[in-house]
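For this one, chain Z is given, so just place chain R on it according to the hints.
These protein sequence lines are chains Z and R, in that order.
For the first sequence, our numbering assigns the number 1 to the initial residue and increments by one for each residue that follows.
For the second sequence, our numbering assigns the number 1 to the initial residue and increments by one for each residue that follows.
Honestly, I wouldn't trust all of these hints.
[Unchecked claim] Below are the SDA-like pairs computed for lysine to any residue, each with C-alpha atoms no more than 20 Å apart in a straight line:
id, chain 1, residue 1, chain 2, residue 2
1, R, K254, R, L202
2, Z, K96, R, S175
3, Z, K96, R, T171
4, Z, K28, Z, R227
5, Z, K96, R, R170
6, Z, K96, R, G173
7, Z, K96, R, L174
8, R, K247, R, V209
[Unchecked claim] Listed next, with one range per pair, are the computed distances between beta-carbon atoms:
id, chain 1, residue 1, chain 2, residue 2, range
9, Z, I127, R, R216, 56 to 62 Å
10, Z, G152, R, G89, 39 to 45 Å
11, R, G173, Z, P128, 18 to 24 Å
[Stated by the list, open to error] Under 7 Å between C-beta atoms, here's a sample of chain R residues computed to sit facing chain Z:
id, residue
12, G164
13, L165
14, M168
15, T171
16, Y172
17, G173
18, L174
19, P186
20, W263
21, P265
Simulated from the structure, these hints should not be mistaken for lab results.
Keep in mind that this is a model prediction, so the values were computed, not measured.
Beta carbons are placed, not taken as given, at the ideal position from N, Cα and C, and that holds for glycine.
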Amino acid sequence: MSVTFSSKQKEIATQHTRCSRGVSVAIKSVSIAFGGRTVLENFDVEVSAGEFVAIVGRSGCGKSTLLRSVAGLETPQSGTIIVADPADYVTKAHGKPDVRVMFQDSRLLPWRRILPNVMLGLEPALIPQARKVLAQVGLAERADDWPATLSGGQRQRVALARALVHDPNLLLLDEPLGSLDALTRIEMQQLIEDVWRGRGFTAMLVTHDVAEAISLADRVILIEGGRVALDEIVNLPRPRTRGSARFAALEERILGRVLQRRPAVEDHW
Amino acid sequence: MNQPQKHPPVKTQLRPGILAKQALPWIVPVALLIAWQWASSAGILPGRFLPSPRAVVSSFIELSASGELWMHVRVSTLRALSGFVVGGGVGLLLGLLTASLRWAEVLLDTTIQMVRNIPPLALIPLVILWFGIDESAKLFLVALGVFFPIYINTFHGIRSVDRGLLEMGRTYGLSGWALYREIILPGALPSILVGVRFSLGLMWVILIVAETISARSGIGYMTMNAREFMQTDVMVVGILLYAILGKLADLLAKALERYWLRWNPAYQTAR
Numbered sequence: 001m002s003v004t005f006s007s008k009q010k011e012i013a014t015q016h017t018r019c020s021r022g023v024s025v026a027i028k029s030v031s032i033a034f035g036g037r038t039v040l041e042n043f044d045v046e047v048s049a050g051e052f053v054a055i056v057g058r059s060g061c062g063k064s065t066l067l068r069s070v071a072g073l074e075t076p077q078s079g080t081i082i083v084a085d086p087a088d089y090v091t092k093a094h095g096k097p098d099v100r101v102m103f104q105d106s107r108l109l110p111w112r113r114i115l116p117n118v119m120l121g122l123e124p125a126l127i128p129q130a131r132k133v134l135a136q137v138g139l140a141e142r143a144d145d146w147p148a149t150l151s152g153g154q155r156q157r158v159a160l161a162r163a164l165v166h167d168p169n170l171l172l173l174d175e176p177l178g179s180l181d182a183l184t185r186i187e188m189q190q191l192i193e194d195v196w197r198g199r200g201f202t203a204m205l206v207t208h209d210v211a212e213a214i215s216l217a218d219r220v221i222l223i224e225g226g227r228v229a230l231d232e233i234v235n236l237p238r239p240r241t242r243g244s245a246r247f248a249a250l251e252e253r254i255l256g257r258v259l260q261r262r263p264a265v266e267d268h269w
Numbered sequence: 001m002n003q004p005q006k007h008p009p010v011k012t013q014l015r016p017g018i019l020a021k022q023a024l025p026w027i028v029p030v031a032l033l034i035a036w037q038w039a040s041s042a043g044i045l046p047g048r049f050l051p052s053p054r055a056v057v058s059s060f061i062e063l064s065a066s067g068e069l070w071m072h073v074r075v076s077t078l079r080a081l082s083g084f085v086v087g088g089g090v091g092l093l094l095g096l097l098t099a100s101l102r103w104a105e106v107l108l109d110t111t112i113q114m115v116r117n118i119p120p121l122a123l124i125p126l127v128i129l130w131f132g133i134d135e136s137a138k139l140f141l142v143a144l145g146v147f148f149p150i151y152i153n154t155f156h157g158i159r160s161v162d163r164g165l166l167e168m169g170r171t172y173g174l175s176g177w178a179l180y181r182e183i184i185l186p187g188a189l190p191s192i193l194v195g196v197r198f199s200l201g202l203m204w205v206i207l208i209v210a211e212t213i214s215a216r217s218g219i220g221y222m223t224m225n226a227r228e229f230m231q232t233d234v235m236v237v238g239i240l241l242y243a244i245l246g247k248l249a250d251l252l253a254k255a256l257e258r259y260w261l262r263w264n265p266a267y268q269t270a271r
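The following block holds chain Z by itself, in its conformation from the complex:
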C-alpha cells in the first residue's frame, strides 16, 4: 500500500526541506587528528537547509568528531565549516544561526529540577515556552521533579526539549538514542521525526544503527577511513515502516558496505 501513497508523500518530504528555518552546512576539506592519528582527512560534505542527514560508520571512524566540530566543540587542523543561512531568514531576524547538540547521555544538571533544566541559559520570561515544549515531549507533569527520578528515555526527552526550546536552526544529534532500549528508541525516533517535520530545522544525526539512519534521514552518509565511503539518498515515503521491502533492501546494501572491510570477520566466515 505504500506504493500508492509514495508519490504524494515524496512531495511532502520535499516540501519540508524548503522550510525557511533550517540552515545549510558546508564542510570543506576538513582534517582532524588526535595525537598524530588522523581521524578525518580532507573531508567534504554539504548539507542543505532543512535536510535530515544521518552519518553512520564503525566506532572510531570519526563520525562523532565530525559532529563535534560542526558544533564547535573540536577545532579542525585545517579546512572550513560554514553554517550558513541561504534564505537569510535567521540572520536577519536573530543574528547568528542557533546550533544545539543532543549528546549520547542526557547531560541534565542533576541539581536542577526538570523545568529549570529545560530553561538553561534562557530568560525567566520564556517559562511558558519551556512548559509547552516539555508538553510536546510528553513530560509536562514532570516539570518539578529531579532528573534522578526519571528513566533514561525520559531524560533524553528532556534533553530534546532543552534543545528545542531554543528553536534551533541546526540540531546535532550525537548518538542520542544509543543507550536506550529498543522500544524507547523507536518511540524517540518517532518523536524526533515529528518535531523535525513540524519545525523544519536542519538535522545531523550520528548513529551506529543503520536502520535508525534509514528510518529518519533524507540522506545517509557512511564514513570510512576518514572519508565519505557512501552517500545515499533515502527515497522512501514518510513515515517509514521498517518492514517494507525497499527499507530492508537499502539497509542490506548499506550494512553490506559497512561490513565489507572487516577482514577478521571474513576470515572467520
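Relative to the frame of chain Z, chain R by itself:
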C-alpha cells in the same frame, strides 16, 4: 472492645520491632551510666578520679543557674564560629581560585601543601608570642585548622566536576559567572560539604587545646580552672559540653547536606 482485635496482629508484630530499633543505640550508653553511678555510690570509683553522674548533673545545674556555664559556652561558640568563618571562607576562596585558574594553582598550591603538613597546634608557642593569649590567638589557630579541609575539598570538588556537563553548558551559551553558578559550584558542593564536616570536627579539637593552654574564659578555661581546685565534676561537665557542641555542629552540617544535596538520591532522607 472485642471488635478491634480482629485485625491488629500485623500491627502488634511491627510495634516491638520499631521500638527495639529506636532503643538499641541507647542500651550501651545507659548501661554504662548505670554502672558508673553504681561504682561511684559503692565507693569503687573515688570522687577525686571521677565524680558520680549525679554529682555531674548537680554541678551542671549549679553552673547553669549561676550563668557561668552559659557565659563560657557563648565565648567558646563565638570563637569556634568566627574562626570557622574566617578560615573556611579563605579556604573556600583560595580553593575556588587555585582550582579554576592554572596560574593560581602553580603559584600557591605548593606553598599551601607545605603549610598543610604543619600541625596547627605546633604553632601554639609562636602564636602566644605573636598574639598573646587574647581572642586573636584562638581565632588564628581555629582558622588555620579549618582552612585546609575546606581548601582541599573545594579544590578537589571543582576539579572533578563532570566535563560533559561543562561542555553542555558551554554549548548552551553559559560562560563566566553563569557557568560557575549553574554547573561548577553545584557540582563541587558535595565535596565542599565533606570539607565542612571535617572542619567542624577539627574546629572543636583545636579550640579545646587552645583554650586549655591559654585563655581567661571559655569551656577549656573552665575545665582547666576546675583542675586547679580538683573539681572533677566541673571538668566532666566541660568535657560533656564539647561532646554535645560537636554533635550539634555535625547535625548542622548534615542538615545542610540534606538541603543542598536534596537532588542527589544518596542524600535523600529515607522516609
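Each hint, compared with the structure:
Of the supplied pair hints, the one linking R/K254 and R/L202 holds, its CA atoms being roughly 16 Å apart against a limit of 20 Å. For the hint pairing Z/K96 with R/S175, the CA-to-CA distance comes to about 18 Å; that is within 20 Å, so the pair holds. For the hint linking Z/K96 to R/T171, the alpha-carbon distance of about 14 Å falls within 20 Å, and the restraint holds. Distance restraint check for Z/K28 and Z/R227: the Cα-Cα separation of roughly 12 Å lies within the 20 Å cut-off, and the hinted pair is therefore satisfied.
Of the supplied pair hints, the one linking Z/K96 and R/R170 holds, its CA atoms being roughly 16 Å apart against a limit of 20 Å. Taking the CA atoms of Z/K96 and R/G173, the gap is near 12 Å; set against the 20 Å cutoff, the hint holds. Restraint check for Z/K96 and R/L174: the C-alpha separation of about 16 Å stays at or below 20 Å, so the hint holds. A hinted pair counts as satisfied when its Cα atoms are at most 20 Å apart, and R/K247 with R/V209 qualifies at roughly 18 Å.
Between Z/I127 and R/R216, the C-beta spacing of about 58 Å keeps the proposed range 56 to 62 Å intact. The hinted range of 39 to 45 Å is satisfied by Z/G152 and R/G89, whose Cβ atoms lie roughly 40 Å apart. In this structure the supplied range 18 to 24 Å holds for R/G173 paired with Z/P128, their Cβ-Cβ distance being about 21 Å. Interface hint status for R/G164: upheld, as the beta-carbon distance to the closest one in chain Z is roughly 5 Å, under 7 Å.
A distance limit of 7 Å between C-beta atoms decides the matter here; for R/L165 the minimum to chain Z is near 6 Å, and the interface restraint holds. Restraint check, R/M168 versus chain Z: the minimum CB separation of about 4 Å is within 7 Å; hint holds. With a least beta-carbon distance of about 5 Å to chain Z, the hint placing R/T171 at the interface is held under the 7 Å criterion. With a least beta-carbon distance of about 4 Å to chain Z, the hint placing R/Y172 at the interface is held under the 7 Å criterion.
The interface hint given for R/G173 is met, as the beta carbon of that residue sits about 5 Å from the closest beta carbon of chain Z, less than 7 Å. For R/L174, the shortest C-beta to C-beta distance to chain Z is roughly 6 Å, which falls under 7 Å, so the interface hint holds. Hint status for R/P186: holds, given a least beta-carbon distance of 4 Å to chain Z, under 7 Å. The interface hint given for R/W263 holds, since its Cβ lies 5 Å from the closest Cβ of chain Z, which is under the 7 Å cut-off.
This hint holds: R/P265 has a C-beta 5 Å from the nearest C-beta of chain Z, less than the 7 Å allowed.
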